[in-house]
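Chains as they are written, first to last, in the working numbering: chain A, 170 to 283; chain B, 85 to 197.
Keep in mind that the hints were calculated from the coordinates and are not lab data.
Even glycine gets a Cβ: it sits at the ideal position worked out from N, Cα and C.
Any given hint could turn out to be false.
[Unchecked claim] Here chain B is said to cover these stretches of chain A; the calculated rule only asks that three of the stretch's residues, wherever they fall, bring their Cβ under 8 Å from a Cβ of chain B:
| hint | stretch |
| --- | --- |
| 1 | 199–212 |
| 2 | 218–227 |
| 3 | 251–263 |
| 4 | 272–280 |
Chain by chain, the residues run as shown.
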Amino acid sequence: KAGVTQTPRYLIKTRGQQVTLSCSPISGHRSVSWYQQTPGQGLQFLFEYFSETQRNKGNFPGRFSGRQFSNSRSEMNVSTLELGDSALYLCASNNRDSLNYGYTFGSGTRLTVV
Amino acid sequence: GENVGLHLPTLSVQEGDNSIINCAYSNSASDYFIWYKQESGKGPQFIIDIRSNMDKRQGQRVTVLLNKTVKHLSLQIAATQPGDSAVYFCAENALFGNEKLTFGTGTRLTIIP
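Assemble the whole structure, with the sequences as input and the hints as a guide.
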């Protein structure tokens, strides 16, 4: 079956702009989580959505937001971009109803803010 | 790569030898643990997981050991191959808590041909 799909793979944006990233989870997975990966901070949790509701949120400013649609696809948005937002943004999906509980990650979106 | 700036522990192993990667976790409430492999330019790839009611779990060429007393996790890779070169992360989660995975800083494994 298809894995987790993230689009676009690469983005270059200017400071002050906003950006929207997309994630399509594995079919049947209802939970989608987002992570930011940077050289300085490693992998950090942004937020998690389940059945269109944000259940958990990490320690990121309000400029970082997300949503989930009825088909479980998720988007995250970053407004008023800063240079420090340059990172690899990863999406993961999982299915708690399955014995194979492990979270599956997509290949990520590489965001560069200039 | 994504982890160049971090002071990653590094491990170099001769091809064909076994390797052991260690991880200390912080949350005593964590009851589910995962090892991931990340190659340059790719997302983390699931290797093996273990729940807190187990001490050991084996997969193909990999074994995870969990010591809850000292909050320590290890990943053993048998008969290493060049394709095993990557950064390895442990991640912890509370199964009946929130869905947040907390990742370790990672270990860079290099297989020497």
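Now for the hints, and whether the structure bears them out:
| no. | hint | verdict |
| --- | --- | --- |
| 1 | 199–212 | holds (count 9) |
| 2 | 218–227 | holds (count 4) |
| 3 | 251–263 | holds (count 4) |
| 4 | 272–280 | holds (count 6) |
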